[in-house]
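**Student:** Using the sequences and the hints given, assemble the complete structure.
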Amino acid sequence: MKKKNKDLNIAGHSVTVSPGEMVKTLRELKGWSQNKLAETTGISQTNISAIENGRIQIGRDRAIIFAKAFNVHPGSIMFSDYDMAA
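Position 48, counted from 1, in the sequence shown is what the working numbering calls 1329; the numbers after and before it change by one each time, with no gaps.
Keep in mind that a hint or two might mislead.
As the list claims (entries may be wrong) - Computed list of lysine to any residue pairs in SDA-like fashion (alpha-carbon distance at most 25 Å, straight line): (1) K1305 / A1331; (2) K1305 / N1334; (3) K1311 / G1356; (4) K1305 / I1324; (5) K1305 / G1356; (6) K1349 / T1306.
These are calculated hints, taken from the structure and not from any lab test.
**Tutor:** Structure (structure tokens):
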């Protein structure tokens, strides 16, 4: 049964995640290992692991590199809680 837009509920709340958690989520959505992401970006697997686990900061330049690999805007990695409507 197909639902109509008027039958849908707005989620209301978003989940805030760190840039490292966003990188991990995007990587997993692609079905990529950390090694595959390392090959794609030129960022070492060790650094990817450290970023995903919050041991080091992602930084602007790495956010841009990851964004290109995932085909997303860098802001979606750096500022997962950004709301254009606010």
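**Student:** For each hint, tell me whether it holds in the structure or not.
**Tutor:** Hint check:
no.: 1; hint: K1305 / A1331; verdict: 11 Å, holds
no.: 2; hint: K1305 / N1334; verdict: 9 Å, holds
no.: 3; hint: K1311 / G1356; verdict: 19 Å, holds
no.: 4; hint: K1305 / I1324; verdict: 14 Å, holds
no.: 5; hint: K1305 / G1356; verdict: 15 Å, holds
no.: 6; hint: K1349 / T1306; verdict: 15 Å, holds
Hint compliance for this structure: no hint is broken.
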